[in-house]
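Single-letter residue listing:
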Amino acid sequence: MRNFRLFIALLVFTFRSVSIWGQKDKASEYNLKAAFIYNFTRYIEWKEESAENEFIIGIIGASPINDPLGEIVKTETVDNKKITIKRFSKPADISFCHILFISQNAGVALDDILAKMSGKGTLIISEQNGYAELGTAINFVIVNRKLKFEANVRAINSAGLTASSQLLKLAIIIK
Amino acid sequence: MAVFKNLSIKNKLIIIQTTTAFIVVLVCCIFFVLNDIKTFKDTARRKMYSLARIVGENAVSTLVFLDQDAATQILMKLNKEPDITQAAVFDKNGKLFARYAREQPGSDKDKLMVSYKFYQEKEFMGTVVLHAELNELDKIIGNYIKVTVLVLLAAIMAALLLSAFLQRSIVHRLLKLVSKTKEIARTGNYALRVEGAGNDEIGILSDGFNNMLEQIENMNRFLKENNESLKNYSLSLERTNKELEEFAYISSHDMKSPITSLIGMLTLIQQKEAVQPGQQHLFELAVNSARQMQKTINALNEIIAFRKTLKVEREKINLVEALEEVKLRIYDMITSSGAVIQADFTKCRFIYYPAVHLKSIFQNLITNAIKYKQNGHPPKIDITTNCEDKFVVLEVKDQGMGIDMDLYKDKLYGLFQRFHTHVEGSGIGLHMIYSIVESYGGKIYIESEVNKGTTFKIYLANGTL
Numbered sequence: 004m005r006n007f008r009l010f011i012a013l014l015v016f017t018f019r020s021v022s023i024w025g026q027k028d029k030a031s032e033y034n035l036k037a038a039f040i041y042n043f044t045r046y047i048e049w050k051e052e053s054a055e056n057e058f059i060i061g062i063i064g065a066s067p068i069n070d071p072l073g074e075i076v077k078t079e080t081v082d083n084k085k086i087t088i089k090r091f092s093k094p095a096d097i098s099f100c101h102i103l104f105i106s107q108n109a110g111v112a113l114d115d116i117l118a119k120m121s122g123k124g125t126l127i128i129s130e131q132n133g134y135a136e137l138g139t140a141i142n143f144v145i146v147n148r149k150l151k152f153e154a155n156v157r158a159i160n161s162a163g164l165t166a167s168s169q170l171l172k173l174a175i176i177i178k
Numbered sequence: 004m005a006v007f008k009n010l011s012i013k014n015k016l017i018i019i020q021t022t023t024a025f026i027v028v029l030v031c032c033i034f035f036v037l038n039d040i041k042t043f044k045d046t047a048r049r050k051m052y053s054l055a056r057i058v059g060e061n062a063v064s065t066l067v068f069l070d071q072d073a074a075t076q077i078l079m080k081l082n083k084e085p086d087i088t089q090a091a092v093f094d095k096n097g098k099l100f101a102r103y104a105r106e107q108p109g110s111d112k113d114k115l116m117v118s119y120k121f122y123q124e125k126e127f128m129g130t131v132v133l134h135a136e137l138n139e140l141d142k143i144i145g146n147y148i149k150v151t152v153l154v155l156l157a158a159i160m161a162a163l164l165l166s167a168f169l170q171r172s173i174v175h176r177l178l179k180l181v182s183k184t185k186e187i188a189r190t191g192n193y194a195l196r197v198e199g200a201g202n203d204e205i206g207i208l209s210d211g212f213n214n215m216l217e218q219i220e221n222m223n224r225f226l227k228e229n230n231e232s233l234k235n236y237s238l239s240l241e242r243t244n245k246e247l248e249e250f251a252y253i254s255s256h257d258m259k260s261p262i263t264s265l266i267g268m269l270t271l272i273q274q275k276e277a278v279q280p281g282q283q284h285l286f287e288l289a290v291n292s293a294r295q296m297q298k299t300i301n302a303l304n305e306i307i308a309f310r311k312t313l314k315v316e317r318e319k320i321n322l323v324e325a326l327e328e329v330k331l332r333i334y335d336m337i338t339s340s341g342a343v344i345q346a347d348f349t350k351c352r353f354i355y356y357p358a359v360h361l362k363s364i365f366q367n368l369i370t371n372a373i374k375y376k377q378n379g380h381p382p383k384i385d386i387t388t389n390c391e392d393k394f395v396v397l398e399v400k401d402q403g404m405g406i407d408m409d410l411y412k413d414k415l416y417g418l419f420q421r422f423h424t425h426v427e428g429s430g431i432g433l434h435m436i437y438s439i440v441e442s443y444g445g446k447i448y449i450e451s452e453v454n455k456g457t458t459f460k461i462y463l464a465n466g467t468l
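If you're matching them up, the sequences are chains A and B in order.
Residue numbering for the first sequence follows the numbering used here, starting at 4 and increasing by one per position.
Residue numbering for the second sequence follows the numbering used here, starting at 4 and increasing by one per position.
Worth flagging that the hints you see were computed from the coordinates, not collected in a lab.
Hints are not guaranteed to be accurate.
Claimed, not checked - Label-pair ranges, simulated between beta-carbon atoms:
#1 A:Lys172 - B:Leu29: 36 to 44 Å
#2 B:Ile148 - A:Ser168: 21 to 29 Å
#3 B:Ser118 - A:Lys172: 18 to 26 Å
#4 B:Ser118 - A:Phe99: 41 to 49 Å
#5 A:Ser167 - B:Leu29: 54 to 62 Å
#6 B:Leu29 - A:Ser168: 53 to 61 Å
#7 A:Lys29 - B:Gly97: 28 to 36 Å
#8 B:Glu84 - A:Lys178: 29 to 37 Å
#9 A:Gly124 - B:Ile57: 30 to 38 Å
#10 B:Glu84 - A:Ser167: 19 to 27 Å
What the hints assert, rightly or not - Derived DSS-like pairs: lysine-lysine, alpha-carbon spacing no greater than 30 Å straight-line:
#11 B:Lys120 - A:Lys172
#12 B:Lys80 - A:Lys178
#13 A:Lys119 - A:Lys178
#14 A:Lys29 - B:Lys311
#15 B:Lys446 - B:Lys460
#16 A:Lys149 - B:Lys98
#17 B:Lys179 - B:Lys44
#18 A:Lys77 - B:Lys95
Even glycine gets a Cβ: it sits at the ideal position worked out from N, Cα and C.
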């Protein structure tokens, strides 16, 4: 927990530079995205998956988020479960995970992923404009140089998950 | 306070009761108002605190996702609360995260500030701070003041009515006592009494008053009786005195002609040379005794005649003129003795005194001074006056033979007292001066030294016309 505190402090610091956003600073953008992904876990009601005793975050495609997310995973838990990161390169490889992050650089047809993961209780997070309309649960966007996120409530619900109102009130809701 | 002291007891009682009621009600009102204000503030604070808690719980996710706009929007919802002037969310580092201000801060009347720290899973996330203005409080205090004034007025009215009713039992009876006192002072009738006493302090006062009246009445009666008997006694004394005076007058008067005829007879016998030559000596002794007796009887007559003149009216007398008249009367005596009389009346020229008596005093003093001169020296007499308060001090100084004060001090003013037997005298002069001076309330002081002289200092009570 102590480390997390430090981390958040660091986050707030970076957030300020993000808000300035002088030149595209990919590293701080992904630091923030990693922190957001971890924080989403607190505002989603997860399905009771009997067998699982760890919380799995899947990443498809290579992404700068790897490192910061790896840092968080070392110390934090979700519902007292350890967090594991699984990396996939093509939709066929994807196994069960609680969160699936689709990297910009995935180069995979979104439809394939959606078809594969539908109804499995996976929160699909993307970072490309228009993806939420296409069916991902949450989609990171940059608005006024700030990191925001879109939420597709129907997609969240059809995955069998429930998003907290506290989360939805901060999201750009996509119908 | 001096004003209060002079008020009647009735008004004092009313003021005391009204003031007491006023103070009691005022204290109660102040207590209740302060208590209510405190309760109001506490309630307001609790309300603010729950608002802060709700805001805080809602702001957690905005902090987590660094969404300042969302946090500001949450705070904006507080604009439905008219009391809240400012609201702010601080992150866990104390940095301002979002802020809402309804009006410019500055007026700090009845400011209320609450802060609420919010947590997520025991993790400190930030603080909500609310500033509020107690707008309602002014209205409430205004209402309280109105109510308090009304209650105070009602209390004063009630106290006035009640005291007007209650004071009758005290003041009415006191007034009765006062009017009785006035009546007694006016009529002098000490037989009056105060009725309907009772057992309280006023009752004791009335009883004491009645007792005092009784004592005064008794004393009055006793004094009247005593006075009556004293008057009777003095009347009988006066009568006896008059009878005695009458007796003295008659006897001295009746003795006058027998002694005159006796002396006449003795003279005839001597002229007829009827005395045996060997018995001449005895005969002369008899003649001397008879003359002595005649002198005494004459002096007695003079005294009695003088006593009848006492209590004569006073008049304004010029002292110089009075002295001149006396000097004329005894002209022969003055010239034959060669007496020198020096008078200085510059300090006090006039006196209000019975003229006969003043002249008598002058005459007796001067004749005494001439009679009792030192052998071989013509008498020298100094007369001066002085004004002292209500007295004219007459000082007569001679250089005569003087009186041995050690021997005769107590006998100076006695009738027929004589201190120098070798000189012709009847022994009534000083007695007469003393009688006059004393009868008008004056005093005589004598300083004398044998063979040096005598100084008479006579305080004549100066009357006014």
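A quick look at each hint next to the structure:
1. A:Lys172 - B:Leu29: 36 to 44 Å: The hint (36 to 44 Å, Cβ to Cβ) is violated, given that lysine 172 of chain A and leucine 29 of chain B are roughly 55 Å apart.
2. B:Ile148 - A:Ser168: 21 to 29 Å: Since the Cβ atoms of isoleucine 148 of chain B and serine 168 of chain A sit about 48 Å apart, the hinted range of 21 to 29 Å is violated.
3. B:Ser118 - A:Lys172: 18 to 26 Å: holds (23 Å)
4. B:Ser118 - A:Phe99: 41 to 49 Å: Given a distance of about 45 Å, which is inside 41 to 49 Å, the answer is holds.
5. A:Ser167 - B:Leu29: 54 to 62 Å: holds (58 Å)
6. B:Leu29 - A:Ser168: 53 to 61 Å: Holds - the Cβ-Cβ distance for leucine 29 of chain B and serine 168 of chain A, about 55 Å, lies within 53 to 61 Å.
7. A:Lys29 - B:Gly97: 28 to 36 Å: For lysine 29 of chain A and glycine 97 of chain B the Cβ distance comes to about 30 Å; the hint holds.
8. B:Glu84 - A:Lys178: 29 to 37 Å: Check passed, 33 Å falls within 29 to 37 Å.
9. A:Gly124 - B:Ile57: 30 to 38 Å: holds (32 Å)
10. B:Glu84 - A:Ser167: 19 to 27 Å: The hint (19 to 27 Å, Cβ to Cβ) holds, given that glutamate 84 of chain B and serine 167 of chain A are roughly 26 Å apart.
11. B:Lys120 - A:Lys172: holds (22 Å)
12. B:Lys80 - A:Lys178: This hinted pair holds, its Cα atoms lying about 26 Å apart.
13. A:Lys119 - A:Lys178: The hint holds at about 22 Å.
14. A:Lys29 - B:Lys311: violated (156 Å)
15. B:Lys446 - B:Lys460: Holds. Lysine 446 of chain B to lysine 460 of chain B sits at ~8 Å (cutoff 30 Å).
16. A:Lys149 - B:Lys98: Holds - the C-alpha atoms of lysine 98 of chain B and lysine 149 of chain A are around 19 Å apart, at most 30 Å.
17. B:Lys179 - B:Lys44: violated (58 Å)
18. A:Lys77 - B:Lys95: With a Cα-Cα distance of about 23 Å, the restraint between lysine 77 of chain A and lysine 95 of chain B holds, given a limit of 30 Å.
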